[in-house]
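Sequences listed follow chains A and B, in order.
First residue of the first sequence: 1, per this note's numbering; consecutive thereafter.
First residue of the second sequence: 1, per this note's numbering; consecutive thereafter.
Calculated directly from the structure, the hints in this document are not laboratory data.
Owing to the predicted nature of the structure, the values given are computational and were not obtained by experimental measurement.
Accuracy of the hints is not assured; some may be wrong.
In silico DSBU-like links for lysine-lysine, alpha-carbon gap of 35 Å or less [what the hints assert, rightly or not]:
(1) K36(B) - K18(A)
(2) K59(B) - K55(A)
(3) K55(A) - K13(A)
(4) K98(B) - K70(B)
(5) K56(B) - K36(B)
(6) K57(B) - K53(A)
(7) K51(B) - K18(A)
(8) K98(B) - K57(B)
(9) K70(A) - K57(B)
(10) K51(B) - K36(B)
(11) K51(B) - K13(A)
With the Cβ distance kept under 10 Å, some of the chain A side facing chain B (calculated, not the full set) [as the list claims (entries may be wrong)]:
(12) R44
(13) V52
(14) A92
Just so it is clear, CB atoms sit at the ideal spot from N, CA and C, and this is done for glycine as well.
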Amino acid sequence: DVKVTQSSRYLVKRTGEKVFLECVQDMDHENMFWYRQDPGLGLRLIYFSYDVKMKEKGDIPEGYSVSREKKERFSLILESASTNQTSMYLCASSRGRTNSPLHFGNGTRLTVT
Amino acid sequence: GQQVMQIPQYQHVQEGEDFTTYCNSSTTLSNIQWYKQRPGGHPVFLIQLVKSGEVKKQKRLTFQFGEAKKNSSLHITATQTTDVGTYFCAGSGGSNYKLTFGKGTLLTVNP
Numbered sequence: 001d002v003k004v005t006q007s008s009r010y011l012v013k014r015t016g017e018k019v020f021l022e023c024v025q026d027m028d029h030e031n032m033f034w035y036r037q038d039p040g041l042g043l044r045l046i047y048f049s050y051d052v053k054m055k056e057k058g059d060i061p062e063g064y065s066v067s068r069e070k071k072e073r074f075s076l077i078l079e080s081a082s083t084n085q086t087s088m089y090l091c092a093s094s095r096g097r098t099n100s101p102l103h104f105g106n107g108t109r110l111t112v113t
Numbered sequence: 001g002q003q004v005m006q007i008p009q010y011q012h013v014q015e016g017e018d019f020t021t022y023c024n025s026s027t028t029l030s031n032i033q034w035y036k037q038r039p040g041g042h043p044v045f046l047i048q049l050v051k052s053g054e055v056k057k058q059k060r061l062t063f064q065f066g067e068a069k070k071n072s073s074l075h076i077t078a079t080q081t082t083d084v085g086t087y088f089c090a091g092s093g094g095s096n097y098k099l100t101f102g103k104g105t106l107l108t109v110n111p
C-alpha cells in the first residue's frame with residue numbers, strides 16, 4: 001500500500017513565522033501535490049510537482065512556495081504565516097505522467113495565531 | 001480556468017434510502033475521479049471514469065460519466081451508516097493532468 005506521510009498532524013504557529021510542512025511518499029511516485037481544505041471550499045490545489053526540482057503553481061499559490069529536492073519528499077513553505085492560512089493541508093502523490101489516482105496523507109491542521 | 005461544480009452540498013437520508021451526488025464541469029474532461037472522505041479522515045480514491053457514457057459499479061455504488069464528458073454522478077443504493085462522509089468528484093482536461101476537485105457532498109445517514 002502507498003504510504004504518504006505528513007510530518008505533523010497538528011501545528012500552531014504565530015503570524016509572521018516561517019512554516020515548513022513536510023511530506024514523504026514511499027512508492028516512488030513521480031507526482032506530488034499540496035492541497036488546502038477549508039469548510040465549504042473543498043480541496044484547492046496550491047502547488048504540484050511532476051519531477052525532482054520541478055514545480056508548478058496550482059490555483060492558489062500566493063503566500064506559499066515549495067521544494068522538491070528528492071523524489072520522495074515535497075515540502076510546502078509559508079514564508080510569513082498569516083491567519084488566513086489557518087487550514088487543513090493535504091499532501092498527495094500519484095504515479096507517472098497520467099491521470100492516475102491520488103494517494104493522500106493524513107493531513108496537517110495548521111493554526112496561525 | 002476549469003471549474004467543477006458539485007451538488008448538493010449536503011444530503012441527509014434515512015438508512016436504506018438512496019443517495020445521488022452530481023458533478024458538472026465547465027469544460028470537457030479527459031477523466032473524472034471520485035473520492036470519499038470519512039469524518040476526520042483524508043480523501044480516499046474510489047474510482048476513475050474515462051470513456052464517454054461509461055458506467056461502473058462497486059457493490060451499492062454506481063458511477064456514471066456523461067456522453068459529453070462534462071458531467072458525472074455517484075448513486076448509492078440503500079444507504080448504510082458506513083456510507084457517511086464527504087464524496088468528492090475531481091476532473092482533469094486535455095493534456096493538463098492537474099485535478100480540479102468539486103466542493104464535495106456531505107452525506108449523513110440516520111440509523
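Here is how each hint holds up against the structure:
no., hint, result
1, K36(B) - K18(A), "holds, 32 Å"
2, K59(B) - K55(A), "violated, 39 Å"
3, K55(A) - K13(A), "holds, 25 Å"
4, K98(B) - K70(B), "holds, 16 Å"
5, K56(B) - K36(B), "holds, 16 Å"
6, K57(B) - K53(A), "violated, 40 Å"
7, K51(B) - K18(A), "violated, 45 Å"
8, K98(B) - K57(B), "holds, 25 Å"
9, K70(A) - K57(B), "violated, 38 Å"
10, K51(B) - K36(B), "holds, 21 Å"
11, K51(B) - K13(A), "violated, 46 Å"
12, R44, "holds, 8 Å"
13, V52, "violated, 17 Å"
14, A92, "holds, 8 Å"
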